[in-house]
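Listed in order, the protein sequences are those of chains A and B.
For the first sequence, counting from 1, position 489 maps to 489 in my numbering; every step adds exactly one.
Just remember that my numbering sits 10000 ahead of the position in the second sequence, which is counted from 1.
Simulated from the structure, these hints should not be mistaken for laboratory data.
Even glycine gets a Cβ: it sits at the ideal position worked out from N, Cα and C.
Hints may contain errors.
With a straight-line Cα cutoff of 35 angstroms, these simulated DSBU-like cross-link-like pairs (lysine-lysine) come out [claimed, not checked]: (1) A:K888 to B:K10065; (2) A:K348 to A:K16; (3) A:K286 to B:K10077; (4) A:K539 to A:K399; (5) A:K520 to A:K579; (6) A:K860 to A:K954; (7) A:K780 to A:K656; (8) A:K642 to A:K801; (9) A:K286 to B:K10087; (10) B:K10065 to A:K607; (11) A:K479 to B:K10050; (12) A:K360 to A:K579; (13) A:K190 to B:K10077; (14) A:K391 to A:K25; (15) A:K965 to A:K694; (16) A:K741 to B:K10083; (17) B:K10047 to A:K282; (18) A:K482 to B:K10050; (19) B:K10065 to A:K694; (20) A:K518 to A:K376; (21) A:K894 to B:K10065; (22) A:K282 to B:K10083.
Computed list of chain A residues with no C-beta within reach of chain B, every gap over 10 angstroms [stated by the list, open to error]: (23) K376; (24) N685; (25) K860; (26) I921; (27) P975; (28) R997.
Computed spacing ranges between beta-carbons, pair by pair [as the list claims (entries may be wrong)]: (29) A:D931 to B:T10073: 45 to 55 angstroms; (30) A:N806 to B:T10073: 44 to 54 angstroms; (31) B:K10077 to A:D931: 53 to 63 angstroms.
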Amino acid sequence: MPNYRIHKTEYIDETKRVSFKYDGKTYFGYEGDTLASALLANGIHLVGRSFKYHRPRGIVSCGAEEPNAICQIGSKKDLTEPNVRATELELYEGLEASSQNCWPNVKFDIGGINNFISPLIPAGFYYKTFMWPKSFWKKVYEPLIRLSAGLGKSPTEPDPDIYDHKHVHYDVLVIGGGVSGIIAAKMAAKNNLKTLLVDDKKILGGSTIYQNNEFIKIDNKLSSEWLKNEIQEIQKLSNLTIKTRTSIAAYHGYNFLLAKENLTDHLPEEKKQNKIRQRLWKIRAKKVVIATGSIERPLVFNNNDRPGILLSNSINKYLDYYGVTCGENIILFTNNDSAYETSISLHKKGIKNLIVDLRKSASSELIKQAESLGIKIYFNHVVTNTFGYRKINSLEIMKLSEDGNTTVGDKIKLSCDCLGMSGGWTPMVHMHTQSGGKLDFRDDDQVFLPKENSEDQISIGSCNGDFDLENIIDKTVNKINKFLDIDNQDYQDTNIICSKENDKRNIWLLPNKIPLGKTKCFIDFQNDSTAKDIKLALKEGFRSIEHVKRYTTTGMATDQGKLSNMHALGIIADTAGVKMGTLGTTTFRPPFTPLTFGTLVGRNVGKFFEVVRKTSMHEWHVENNAEFENVGQWKRPWYYAKKGESMHDAVQRESKAARDSAGILDASTLGKIDIQGTDASEFLNRVYTNAWSKLAIGKCRYGLMLNEDGMVYDDGVTTRISENHYLMTTTTGGAANVLSKLEDYLQTEWPELDVYLTSVTDHYSTASICGPNSKKILNKLFPNLDLSDENFPHMSFKEDKLENINCRIMRISFTGELSYEINIESKYGHSLWKMCIEAGKEFNLTPYGTETMHLLRAEKGFIIVGQDTDGTMTPSDLQMDWIVSKKKYDFIGKRSLYRSDTIREDRKQLVGLLTDDPKEILEEGAQIVSDVKSKPIDMLGHVTSSYFSPNLNKSIALAVVRSGKTMKGQKLIIPMENKNINVTVSDTIFLDKENKRLNA
Amino acid sequence: MFLINCPFCGERDQSEFSSGGEAHIVRPKQPTELSDDEWAEYLFMRKNIKGIQFERWNHVHGCRKWFNVVRDTSNDKILSVYKMGEKPPVNYK
Ligand SMILES: [Zn+2]
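Next comes chain A alone, as it looks inside the complex (with noise of 0.2 angstroms):
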């Protein structure tokens, strides 16, 4: 097995052996590799196959910005995760990844016939091709495409792995450890400043920690043994947090900024387990100090994408950092200075190089050592063209003519077996542009860079722009002191000797004698868009970057176009003519790096996902074989099924027995506010339709609650307990949305007004027992209390105890029957069930849940809000009219009830449908017609509530209808999927309509 480790590095622990499987084959590599350094040291380029062409695609750079090398991990259901960047995968033993989208194989895969169809894959191919005909879309176009596409796979099993969320607050956040952002920490505790530095890497330093070129000194040492002197001083300091393995995903307003912190991404499988995977940091910090550096830019030229072709910096690191050569025979291609230190560390080590460039000449000081180093360097020269299938074999270059447009001469052809690029540095706006801050184009070396820095947040060192030594540790120690308004002299007489760029070229598309429809340029190597793209869309119409982006898929792969969004830029300005600063830049938006959702959702997943709201008879509920449903966030009874009963059957029963003889309901879920102050009664008669002044001590009313819109809002009985106290009751769904509604209006529009608001809800549980036979159970519950008709008639309220403990009980109805509620603190809710339970015996008293209690009330046309409403029903809509009081001046939403839009006789109104056939139940949410045959269908209405009334042996249904109110008796059509359906518009009480039943 080949050994392109040919140094021992600090990073890199030989001692520390560890074995990964990559494709299913066995290495090794060691502790302190990633992924792609592991891969690189056993002579491994090709890691996958570009998404569109399927060619060969091999590991381009050594961080978060890499297009190519991204693999699945692991093969467990629950713990495999897709388009993991092995650039940044720290290696642990047992490391088990495969490369994505080259089914069967990287070395031969059936998409790679895309390579040689490519001319029939243009820009926009997706949308010109799978366009038509519309049947295609699902059977054919989308399989081929979810097959083609391959970007890895999802877990198929819930994620078994622990995440955590941590809040914190700080005086500094400072977002990367490189060279300027340990200066700015360091200045910053040390000033008393509370400081959290992060880091994406394992360690801190960025890249000047692994700089090992003489020429390039700080106070008269290697920059790296400076820089490691200044992180041994900053984790000394107590005001200090570092966090490594930690990157930003986001930067809100106001400071508020998302982190993951890696916690057992690098650790042996046994090593993980039972710890938090990754953790999310939700800061809010009071300055930020961005600092994340820059990343080198590739450049455009014809098959720049063969394996073998790397970033020159990313050669660097991993000979200097990981000991890993790329390469034995080494080209760099560059327009600027920083391949030149790429060049002359792999000549220290003894790799062969050269360097091909595209400026006339350089004269710089890291020039002149490359020269008296004897390395060979064109100047004035392209690369035109690469050979080599599964790696980079040769190359040829070209002069280019005056003014950079053409080529000339003859070819030269040059053998390497690999090829560093570097078309400069884009500096990381993302943190800066995220925060809202705005950017300018500099033309010197073109680049976007942030524009002005806030009181509460600066931009220092290459991420601004400042690429010599020099230059960012001068600035950014002006820049600190000044951002934070402190006089730091640590680095007053800090002496840096460095190397200056004088020269600089930059072609974003670079020239070439084959015309450009017969290369292959690629700009967006993970989504596989090229120069001609970009060309291509511009020609058809496409000006804004952000539909270019779109159109030819630029920048929309994993890696949000780190590498090539610039590229694209450069040749629509280039192309159109018009000035790359004038153009603007595509949106920066977060994450900066994917996260997975189970870093987003942290500990709230399983039962912690929400809430739940239990009532205290619930585990009664449990023991007796209820089926739940959510309302809200409570857990309510929704039926009881007996054994071999289906939900039909135990619905039927418990609706027969209620009328027959006594049902009994958890109403405890129903939202409660104790109302008190001396203008409770008129508080009522504001935000009630009808009046409320009249109403006894003692007594209950039904109220129905509007918005200011006249649209029906909630509706409940209250109660009126004493002179200034009141009791009311909310639907189980409105209840917070009500207590809030009516708060807003006491403190901003009645301040004056003396009432005092408590919810209620959960001190009181609620049992309701109806039906003919539910006096006699109060009667044993409550021996006591006369129960006549005249000392407790319908719609009043008592108080009486049951075994000392205070209930009170109201005689309301829901179900149009006979029907008491009783209501116990809390504690007690569960022993006043049970108590009901054994009282009722004798009376066949059935538990019956939410959907027997919307059977019942639809037998009686009682509404429920939410279901037979939805915001645009006006109490006329409904039939209510009787709940509006004439007399009363105003109420909320009176006014909106005579606006020339709700007094329209043609709006949709609430009435019964009966069906012709009375077996056939509607299904809830159909639509409602008249004729069938005239297309298009005029649609009048949707069914609301449907139900089978065992009561009345026969199919019953609300339904809002246009102008219902006018259409009783007239016949209308349900259309379904495979018949029409006859019904007839009918009263919405389809049961005792005269009320003899309340008090039978």
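Please build the complex by placing chain B with the ligand on the supplied structure of chain A, with the hints as guidance.
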């Protein structure tokens, strides 16, 4: 994610609050005297300014008090907070 300085509790995270739209829209004292258009003006019409806007916020997961906020909607900076019933700060008019 704003930090909002509740006039009763102090600085808290935005997640504790709910927004109540434009401030200083007073419910008419005599709605029945208003024309449809006048009532619609109160009911539906909101300014939705880019720039300095007066808003209502409720510390719903805190003291539950409503109060007013002056916010520059172009950069989300909150310039001032004041209690219900207090006059808006004149320097932002
Ligand atoms: Zn508060």
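Taking the hints in turn, this is what the structure says about them:
1. A:K888 to B:K10065: It holds: about 29 angstroms lies between the C-alpha atoms, which stays within 35 angstroms.
2. A:K348 to A:K16: Satisfied, since the Cα-Cα distance of roughly 27 angstroms is no more than 35 angstroms.
3. A:K286 to B:K10077: Holds: K286 (chain A) and K10077 (chain B) sit about 14 angstroms apart, inside 35 angstroms.
4. A:K539 to A:K399: Measuring from Cα to Cα gives roughly 29 angstroms; hence the hint holds.
5. A:K520 to A:K579: 25 angstroms, holds
6. A:K860 to A:K954: Given pair K860 (chain A), K954 (chain A) holds - Cα atoms ~14 angstroms apart, limit 35 angstroms.
7. A:K780 to A:K656: 23 angstroms, holds
8. A:K642 to A:K801: 33 angstroms, holds
9. A:K286 to B:K10087: Holds - the C-alpha atoms of K10087 (chain B) and K286 (chain A) are around 30 angstroms apart, at most 35 angstroms.
10. B:K10065 to A:K607: Measuring from Cα to Cα gives roughly 32 angstroms; hence the hint holds.
11. A:K479 to B:K10050: 32 angstroms, holds
12. A:K360 to A:K579: 23 angstroms, holds
13. A:K190 to B:K10077: 30 angstroms, holds
14. A:K391 to A:K25: 20 angstroms, holds
15. A:K965 to A:K694: 31 angstroms, holds
16. A:K741 to B:K10083: 18 angstroms, holds
17. B:K10047 to A:K282: Cα-Cα ~34 angstroms, so holds.
18. A:K482 to B:K10050: 32 angstroms, holds
19. B:K10065 to A:K694: 31 angstroms, holds
20. A:K518 to A:K376: Within the cut-off at roughly 31 angstroms; holds.
21. A:K894 to B:K10065: 26 angstroms, holds
22. A:K282 to B:K10083: 30 angstroms, holds
23. K376: Label holds. Min Cβ-Cβ 54 angstroms, cutoff 10 angstroms.
24. N685: At about 14 angstroms from chain B, N685 (chain A) clears the 10 angstroms cut-off, so the statement holds.
25. K860: Label holds. Min Cβ-Cβ 33 angstroms, cutoff 10 angstroms.
26. I921: 40 angstroms, holds
27. P975: Consistent with the label, P975 (chain A) stays out of reach of chain B, its closest Cβ about 36 angstroms off (over 10 angstroms).
28. R997: Holds, since 39 angstroms exceeds 10 angstroms.
29. A:D931 to B:T10073: 45 to 55 angstroms: Since D931 (chain A) and T10073 (chain B) have Cβ atoms about 50 angstroms apart, the given range 45 to 55 angstroms holds.
30. A:N806 to B:T10073: 44 to 54 angstroms: 52 angstroms, holds
31. B:K10077 to A:D931: 53 to 63 angstroms: Roughly 58 angstroms apart at Cβ, these two residues keep to the hinted range, so it holds.
Checked against the numbered hints listed earlier, the structure breaks none of them; every hint is satisfied.
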